[in-house]
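Student: The listed protein sequences correspond, in order, to chains L and A.
Heads up, the final residue of the first sequence is numbered 251 in our numbering, and it's a clean run with no missing numbers.
Heads up, the final residue of the second sequence is numbered 311 in our numbering, and it's a clean run with no missing numbers.
Quick caveat, the hints were computed from the structure, so don't treat them as lab data.
Heads up, some of the hints might be wrong.
Simulated coverage check for chain L against chain A, where a stretch passes if three residues somewhere in it have a Cβ under 8 Å from a Cβ of chain A [claimed, not checked]:
no., region
1, 11 to 23
2, 54 to 62
3, 136 to 142
4, 193 to 204
For every residue, glycine included, the Cβ atom is placed at its ideal position computed from N, Cα and C.
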Amino acid sequence: MKILVCISHVPDTTSKINFTDGDTKFDTNGVQYVINPNDEFGLTRAMWFKEKQGASVDVVNVGGSETEPTLRKALAIGADSAIRVNTEAKDGFAVAKELAKVVTDGGYDLVIAGRESIDYNGGMVPGMLSGLIGANFVANCIGLEVDGTNAKAVREIDGGKETVNTSLPLVIGGQKGLVEESDLRIPNMRGIMMARKKPLNVVEPAGANNETSANSFEKPAPKGAVKLVDADNIDELINLLHNEAKVI
Amino acid sequence: MSVLVYTESENGKLKKAALECVSYAKAIADEMGTSVTAVSINANDTDVLGNYGASKVLNVNNDALNTFNAKQYASVIEQAAKQEGTTVAVVSSSADSKYLAPLLAVGLEAGYVSNVVEKPSNLSPFTVKRTAFTNKAFANTEISTNTKLIGLSNNSFGIVESGGSASVEDFSPSIADSGVSVESVDKAVGKVTIADAEVVVSGGRGLKGPENWGLVENLAEVLGAATACSKPVSDLGWRSHSEHVGQTGKPVATNLYIAIGISGAIQHLAGISASKVKVVINTDPEAPFFKAADYGIVGDAFEVVPVLTEKLKAFKAQNA
Chain L
4 MKILVCISHV
14 PDTTSKINFT
24 DGDTKFDTNG
34 VQYVINPNDE
44 FGLTRAMWFK
54 EKQGASVDVV
64 NVGGSETEPT
74 LRKALAIGAD
84 SAIRVNTEAK
94 DGFAVAKELA
104 KVVTDGGYDL
114 VIAGRESIDY
124 NGGMVPGMLS
134 GLIGANFVAN
144 CIGLEVDGTN
154 AKAVREIDGG
164 KETVNTSLPL
174 VIGGQKGLVE
184 ESDLRIPNMR
194 GIMMARKKPL
204 NVVEPAGANN
214 ETSANSFEKP
224 APKGAVKLVD
234 ADNIDELINL
244 LHNEAKVI
Chain A
-8 MSVLVYTESE
2 NGKLKKAALE
12 CVSYAKAIAD
22 EMGTSVTAVS
32 INANDTDVLG
42 NYGASKVLNV
52 NNDALNTFNA
62 KQYASVIEQA
72 AKQEGTTVAV
82 VSSSADSKYL
92 APLLAVGLEA
102 GYVSNVVEKP
112 SNLSPFTVKR
122 TAFTNKAFAN
132 TEISTNTKLI
142 GLSNNSFGIV
152 ESGGSASVED
162 FSPSIADSGV
172 SVESVDKAVG
182 KVTIADAEVV
192 VSGGRGLKGP
202 ENWGLVENLA
212 EVLGAATACS
222 KPVSDLGWRS
232 HSEHVGQTGK
242 PVATNLYIAI
252 GISGAIQHLA
262 GISASKVKVV
272 INTDPEAPFF
282 KAADYGIVGD
292 AFEVVPVLTE
302 KLKAFKAQNA
């Protein structure tokens, strides 16, 4: 089984979010980048398929050379090789289209992407990719088993989960649950040394067009101070929620 | 040229988010000088949609669609959009709608923007405001394709009654191959889900252990609320992952969010910041959550919450 794991290069979850150039660009100043958490759960699940079922695991990112340390980290965790599509990630559609070419050229059976990236939160790349290449698709995937060309996946639904049967070729939008937080791997020195020697292939883009563009950003209006209510005066809280906030 | 809205239902009943999506579609249609068509799958109560702004309802009744399937549902909506000459399509932010939307976008060659929180600020170029960076910012996003697909954030626009009526027609699309078949569904019956809830009561490590969750559940019951938890609580296995709200868990956009014993890590606050009113109950007055909340009580949850629950019960009985 050939597995491709899509890796988004995103600001660490603790990052302060600011914008520059008249609020048209994300301010990368002082921001630490990491593997998108949803992708990392998928990558870790892919390592299980590699170790238990002999799958090969490649990772891919659509982005400039600044994303290479993130791809190297994925190699240090255990992926066999990395691909970087050398173009700016303009929108979800353009990324999906670039990925579609990588998947078709590489003949991958299973594509594991994250449910969404934690920066732009579009939640559209895996679904669009499946639509473009005609593969099956499971979103919000929290469990995955593959047996030959058959796959059994668990999808989180509102208020529960459902188990589905499908087949390869398959694209999943994965998240926590594919593996547990405690299963995530911190690259060790040996992995980091080996990652330096593993192939990181830079490929030129297919030249996909974007359909949407984020023209400007704004931050939520600053919040007023909290109104503190005395712990002995719960009636006052109920009064505020009813008459002032009008939510009960 | 109409605005098409997919009105989601469950067990034959329209979901609340469907009414919000129709209200939203109506606001866009008014600006565009066109009308709203709703497409609905196996729902029995679609005649009410006129009251929220739909002029026409396409009712699909087909046993082959009894179980949700993203590909088949996306294909139904795509066929409706093509029949109606749709230029703007609207879906909700439920798990199912977010699943089918990217497939629909590819089928319609529509630029898709998810997590939209307002009516378009401009029709030409077509520009909508969406949340980004897990609610830490908004992005004003332009859609440049002829057909546009909008995923509306739940509880962002509200439900607006316009008092109209809709013509209801049967619609019989062809049914696509499914590719994915459901083996089993595991869903709590009669429990409010985080996605549908207007109120969420959430617990953190301050509750000391899973055996104390009765506090959260009792308060939630009085308020008709969904229950949720912080990341450490789900990592410790006190509560299921499906209740974890925050940056790597579920986003919450409710009218009222009550946090009990949650200190307010930046990732948690990001995930819940789209909620309109936030209440925090915590022993530590320095907890970061107090900076993000609208109302706060510095106090011991084990003393405050049972009193709050009892008093709310009395309040609800009085105001019923």
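Student: If a hint holds in the structure, say so; if it doesn't, say that too.
Tutor: Hints, verified against the model:
1. 11 to 23: n = 5 at 8 Å, threshold three: holds.
2. 54 to 62: violated (count 0)
3. 136 to 142: holds (count 4)
4. 193 to 204: violated (count 0)
Going through the hint list in order, the structure does not satisfy hints 2, 4.
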